[in-house]
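Number of protein chains: 2
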Amino acid sequence: MKLASLKEGGRDGTLVVVSRDLTHAVRAAPIAPTLQAALEDWVTVEPELKSLYRLLNEGHLSGAVALEPAKLAAPLPRAYQFLDGSAYLNHVELVRRARGAELPPSYYDDPLMYQAVSDGFLGPTDDILAASTDWGIDFEAELTVVLDDVPMGIKTAAAGRHIKLFMLVNDVSLRGLIPAELAKGFGFVVGKPRSALSPVAVTADEFGDAWDGEKLHLPLTVQLNGKKFGSPDVGVDCNFTFARLIEHAAQSRPLAAGTIIGSGTVSNKDSSVGFCCLAEQRTIETIETGKPKTPFMSFGDRVRIEMLDKAGHSIFGAIDQKVVKYAGPPA
Amino acid sequence: MKLASLKEGGRDGTLVVVSRDLTHAVRAAPIAPTLQAALEDWVTVEPELKSLYRLLNEGHLSGAVALEPAKLAAPLPRAYQFLDGSAYLNHVELVRRARGAELPPSYYDDPLMYQAVSDGFLGPTDDILAASTDWGIDFEAELTVVLDDVPMGIKTAAAGRHIKLFMLVNDVSLRGLIPAELAKGFGFVVGKPRSALSPVAVTADEFGDAWDGEKLHLPLTVQLNGKKFGSPDVGVDCNFTFARLIEHAAQSRPLAAGTIIGSGTVSNKDSSVGFCCLAEQRTIETIETGKPKTPFMSFGDRVRIEMLDKAGHSIFGAIDQKVVKYAGPPA
Numbered sequence: 099m100k101l102a103s104l105k106e107g108g109r110d111g112t113l114v115v116v117s118r119d120l121t122h123a124v125r126a127a128p129i130a131p132t133l134q135a136a137l138e139d140w141v142t143v144e145p146e147l148k149s150l151y152r153l154l155n156e157g158h159l160s161g162a163v164a165l166e167p168a169k170l171a172a173p174l175p176r177a178y179q180f181l182d183g184s185a186y187l188n189h190v191e192l193v194r195r196a197r198g199a200e201l202p203p204s205y206y207d208d209p210l211m212y213q214a215v216s217d218g219f220l221g222p223t224d225d226i227l228a229a230s231t232d233w234g235i236d237f238e239a240e241l242t243v244v245l246d247d248v249p250m251g252i253k254t255a256a257a258g259r260h261i262k263l264f265m266l267v268n269d270v271s272l273r274g275l276i277p278a279e280l281a282k283g284f285g286f287v288v289g290k291p292r293s294a295l296s297p298v299a300v301t302a303d304e305f306g307d308a309w310d311g312e313k314l315h316l317p318l319t320v321q322l323n324g325k326k327f328g329s330p331d332v333g334v335d336c337n338f339t340f341a342r343l344i345e346h347a348a349q350s351r352p353l354a355a356g357t358i359i360g361s362g363t364v365s366n367k368d369s370s371v372g373f374c375c376l377a378e379q380r381t382i383e384t385i386e387t388g389k390p391k392t393p394f395m396s397f398g399d400r401v402r403i404e405m406l407d408k409a410g411h412s413i414f415g416a417i418d419q420k421v422v423k424y425a426g427p428p429a
Numbered sequence: 099m100k101l102a103s104l105k106e107g108g109r110d111g112t113l114v115v116v117s118r119d120l121t122h123a124v125r126a127a128p129i130a131p132t133l134q135a136a137l138e139d140w141v142t143v144e145p146e147l148k149s150l151y152r153l154l155n156e157g158h159l160s161g162a163v164a165l166e167p168a169k170l171a172a173p174l175p176r177a178y179q180f181l182d183g184s185a186y187l188n189h190v191e192l193v194r195r196a197r198g199a200e201l202p203p204s205y206y207d208d209p210l211m212y213q214a215v216s217d218g219f220l221g222p223t224d225d226i227l228a229a230s231t232d233w234g235i236d237f238e239a240e241l242t243v244v245l246d247d248v249p250m251g252i253k254t255a256a257a258g259r260h261i262k263l264f265m266l267v268n269d270v271s272l273r274g275l276i277p278a279e280l281a282k283g284f285g286f287v288v289g290k291p292r293s294a295l296s297p298v299a300v301t302a303d304e305f306g307d308a309w310d311g312e313k314l315h316l317p318l319t320v321q322l323n324g325k326k327f328g329s330p331d332v333g334v335d336c337n338f339t340f341a342r343l344i345e346h347a348a349q350s351r352p353l354a355a356g357t358i359i360g361s362g363t364v365s366n367k368d369s370s371v372g373f374c375c376l377a378e379q380r381t382i383e384t385i386e387t388g389k390p391k392t393p394f395m396s397f398g399d400r401v402r403i404e405m406l407d408k409a410g411h412s413i414f415g416a417i418d419q420k421v422v423k424y425a426g427p428p429a
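Chains as they are written, first to last, in our numbering: chain E, 99 to 429; chain D, 99 to 429.
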């Protein structure tokens, strides 16, 4: 099943069911007005949404309309929680190496995770606004999961059943602001502004056998200004499953329905597949030539993030964003 | 004006207007069903709520009922964002000294702030659940503000007008888990579980001249197991105004209506007034005698956090919580 939110009807948008081929959509009301509302009552709502999805794919719904990507908000236009993990330690190691920092051995047992901004997500084609390119504007392509209510203290073996949906995210990162902020020791506030989510959120069955119940085995593709930048495989060099990340997040508190858990930037040790962020490319260049060659993003640059299934069809639709200079707050 | 949320009507509770003396309440519907909804439309809703508040205080409302603290959820039972600052550098300096860490000079210009958990807040009398006292259970008494929509890039001079409400918070801290987590460099996930909010949220006019437009000049009182533990003044040794904290938070992104900004643990350099967390008391003991004497909280311990006005009346009602052993997740 594929779900999205139209940019209408309020801050949480309007929930629509989207056809498997991403061409059509139908409003989900009165089953659920918003995706957040659906997640809060998933056991009841999911079978009804799935029935609607089946009818939509069979072409039996007179209320279906053509899907217009520009009218889509993020599937969750805002959320009560976004916890971003670092399941790909190769990314962490490369980015830290660029800062001259080491990766402690404990990182291989104890997942790295931070509390990320969730009060607003950019829609899949919304601009990335920045006041200055001195901020070091970078993208980070990740896979995320969306949860129903998770009790405190849950263990990995039981955590997977709380994964209800998957989305892609562009976790926009301001490399020029991050070092000073991380040096303060309290994580990210200014260095990681709002992220963009993929056009649709999907259930695991949309992956077919590419989802093995713990990991997804498909490449995540990034294009920069229309040219391929990377397509690392999400199932390769992944140090932590989502279920393990959920155990970590819920150690000392429950997680509310609608919580988003991010994989961290997808990264393969085989650098020939390319990268899911500019920082890794720059680190490889620094290692090879002594300094980075690839610049961070400039105003007007575009990044496109997508995942194709084995038959070449887009699963989530594309995140496709342009960097635009922010004019400043109203006077 | 004083506002609260009853534990009924769904995950966001039911908004009530509370009398100035905290004895009576009246449902705010149809003006606004929840506090989050009110904050999203504050310009329209505030005058209507204030009219209801005036009638309630004058005893003219037949629908008013006695206020029962045990039926109160947090004013915002969940929020899209909680950013906790560290406006009292004396607290930061003491806690770091206990860890053997120094306070960099830049901390006096650039506010320390972390993205905190907001997917659920404990009600004012809800238990603090912990699996083990090895977690080092501590309280932190703070003042918070609640914002309407704040544009990205706002400056301090314009930021104060976005402060709509004030609340107290008990920012529960797990001192046994924090050092290892902070060593990973990405802030708090497991070391800071859900916080409790005060019974009511109030507008600035409730402070009278104790609010000077930038800082609040009243003591915040903490009792541990019925005995006074501290009452530092919120207006003393406060290094950053809320307006400055908002400028910091909004540097690279807007802040959505309902965002909560925390002051950080209130702390005065004059240690004779006592403390708003156990960690400071323990640090002073370590400095004076070589080791801490005061233990962290045990199961059954209670903490009470309150603020009285100059006439001795409670402004927010009391946060009054017991520490209880968590039985574990359902099988």
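Derived from the structure by calculation, the hints contain no laboratory data.
Nothing here was measured: the structure is a model prediction, and the numbers come from that model.
It is possible that part of the hints are untrue.
What the hints assert, rightly or not - Keeping only pairs whose Cα atoms sit at most 25 Å apart, straight-line, the calculated BS3-like set for lysine-lysine is: (1) E/367 x D/313; (2) D/313 x D/389; (3) D/253 x E/423; (4) D/423 x E/282; (5) E/169 x E/105; (6) E/253 x D/282; (7) E/105 x E/148; (8) E/282 x D/253; (9) E/253 x D/105; (10) D/105 x D/423.
Unchecked claim - What follows is a set of in silico ranges between Cβ atoms, one per label pair, in the way DEER data are often shown: (11) E/425 x D/208: 19 to 27 Å; (12) E/408 x D/207: 34 to 42 Å; (13) D/203 x E/422: 33 to 41 Å; (14) D/153 x E/164: 49 to 57 Å; (15) D/203 x E/203: 52 to 60 Å; (16) D/204 x E/204: 36 to 44 Å; (17) E/231 x D/368: 45 to 53 Å; (18) D/426 x E/142: 21 to 29 Å.
Ideal Cβ positions, reconstructed from N, Cα and C, are used throughout, including at glycine.
Each hint, compared with the structure:
1. E/367 x D/313: Judged against 25 Å, a Cα distance of about 52 Å means the pair is violated.
2. D/313 x D/389: violated, 35 Å
3. D/253 x E/423: holds, 18 Å
4. D/423 x E/282: Measuring from Cα to Cα gives roughly 33 Å; hence the hint is violated.
5. E/169 x E/105: Measuring from Cα to Cα gives roughly 6 Å; hence the hint holds.
6. E/253 x D/282: holds, 22 Å
7. E/105 x E/148: holds, 22 Å
8. E/282 x D/253: holds, 22 Å
9. E/253 x D/105: At roughly 29 Å apart (the allowed maximum being 25 Å), residue 105 of chain D and residue 253 of chain E break the hint.
10. D/105 x D/423: With a Cα-Cα distance of about 23 Å, the restraint between residue 105 of chain D and residue 423 of chain D holds, given a limit of 25 Å.
11. E/425 x D/208: 19 to 27 Å: holds, 25 Å
12. E/408 x D/207: 34 to 42 Å: 54 Å Cβ-Cβ, so the 34 to 42 Å window is violated.
13. D/203 x E/422: 33 to 41 Å: holds, 36 Å
14. D/153 x E/164: 49 to 57 Å: holds, 52 Å
15. D/203 x E/203: 52 to 60 Å: violated, 33 Å
16. D/204 x E/204: 36 to 44 Å: violated, 28 Å
17. E/231 x D/368: 45 to 53 Å: holds, 47 Å
18. D/426 x E/142: 21 to 29 Å: holds, 27 Å
The structure shown violates the earlier hints numbered 1, 2, 4, 9, 12, 15, 16.
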